[in-house]
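Colleague: For reference, the chains in residue letters:
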Amino acid sequence: MPVTLKQVLQWLNSDEPNYRAAAKLGVQILPHLAALVQGNSPEHAAKAASLASLIDDDRAVEVLSLAARHPSPIVRLAAAGGLRHMKRPSATKVIMSLLDDKDHGVRKLAVKTVALRPDSALLAKAAGLGRTDPHPQIRLLASRVAGGTRLA
Amino acid sequence: MSLLDELFQEASESNETLELFGESEGFEHGTYGEFLPELGNETVGSWLPEVGARRPVRPAQRAPAPAGPCTRPLLRGQCVEGFDFNRADLKARHRQQIRDLAQCILASQGNCRPITSFRVVGHTDQVGPANFNIQLGQRRADAVFRELVTVLNGLRPGLGNQIGAQSATESRGESDPVDLNDRAKDRRVEVFLRNTVTAPTACSPFRARIRLHIKIFVEPCIPISVMLENMRCLYGLIGFLVEVGSTERLKNLPSLDGNDAIDVGDCVMGTVTPEQRLLFANRNNAKANEIVAYFVRATSPLSLNGCAAFPAGRPGVVITSTASEWTLAHEVGHVLGLNHPDDPQPGVNRPFLLDRLMTAGGTANILDVPRIQPCEIKTIDQSPFKSNC
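As they're listed, the protein sequences go chains V and A.
If you're matching positions, the first sequence starts at 1 in the numbering used here and goes up one per residue.
If you're matching positions, the second sequence starts at 153 in the numbering used here and goes up one per residue.
Hints are computed from structural coordinates only; laboratory data are not their basis.
Do not rely on the hints blindly, as some may be mistaken.
One-sided excerpt, in silico: chain A residues whose CB lies under 7 Å from chain V [said to hold, decoys possible]:
id : residue
1  : D412
2  : C419
3  : A450
No residue lacks a Cβ here, since even glycine has one placed at the ideal position from N, Cα and C.
Work out the full structure: start from the sequences and follow the hints.
Modeller: Written as structure tokens, this is what we have:
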């Protein structure tokens, strides 16, 4: 039976959505999640990105890509955090874009995601941030990630 | 949505003023008119516009921080329209709508934000001499005021007199039009309701106290004062005094700052991440059984409004910038041992219990003061994170 947008919202409206249970609704909800990410509620957009991150599908990466371009940093944070769950190669490009985000909280979270997803291109990017990022915490963190130090 | 739902839906962030009695009025021939009230220095924060045409009249000022008894805005209600031109007498439908309003005021007496006064403002269109319209607007306001007091007294003897004694009328005459192209819309009466919550000063007669400490990395969209007031109201109703032991702005920690999303993992009680341990180590002023609320920008890797997982011996909650006005009370409820009564299940279609604080349906969807069930009160009674009075 098709899942409606209203049903998806029922899961996301919670203060602490049970994302792992909701993700069992499967790929059929990805169009709804894409719509929510592009909607006018940053809260729903962020939660939709989080839910998409737990669905193993290239279309879920597309949802996260939309979230990564959202004007609200709260939504971009959700994308940066969620990408740690994404094993698909296509996610690399999205993470790369978030490593260049103008919000240092987003960049920092993206660096943490790189630590959990070692990839040569991402590690090279992290190494660059370790030298050039204007935020000292990010330089330190990125250097550790690029150097292979395991984060606590 | 019922009238009660609408009336008590809060709009602390609202900048709308709604009209109660819209109208069709007037004086003949354009000799007399009416105007729009200038709500002037009155704020929505202290007077709730109410009941009205669901049509914004004008942006209102943001409420200042209340001093002493706190007040909350209410918004929404019904629209009453149809004063005759150059008349101030109430029609049958006006009386019905005033009865509905009185029922809402009566119902509020049983919750933690009782409506304690109202202000009735009469308006006219801009036809006619301004002085005449001032008098006409006043007559309309007086008519609504008298009817409201009478109906309230009928519902509960003395209630109308009690609230009426704290209330007032005024006329804005023709000076506050809402639509210069439709004079009928300017002929109206607005009723502003005010509710009052008095912060308790002593633990008695409460059964126990819950002591919070506020640590702020980031101010949430909903003011912390609103979340605290809601929590005090709700927990106070069931006999628990909510106290704030201290408030502190967190400065950047060695590896965390206010722009960070705090890693809370899957937010499972009893399981915490290194970042949670780092954050929850900041317990200045808090005793072992006191709860610390950390206001942060966001959570990662998943976006939550709040999370009640805490390290052993460091009770606390994380509240994010997207939290609702009930999230703090909800998350503290988890710390006190309460669970969601209505967690969704795949393939099971059942309604959420949106009248319950601990609903899994999202506290942002709670329309009125939510309930805490007797069995939940027993659970809180057994919590180690409250202390007896």
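Colleague: Hint by hint, say whether it matches the structure.
Modeller: Hint by hint, here is what the structure shows:
no.: 1; hint: D412; verdict: holds, 5 Å
no.: 2; hint: C419; verdict: holds, 6 Å
no.: 3; hint: A450; verdict: holds, 5 Å
Violation of the numbered hints given earlier is absent; every hint is satisfied by the structure.
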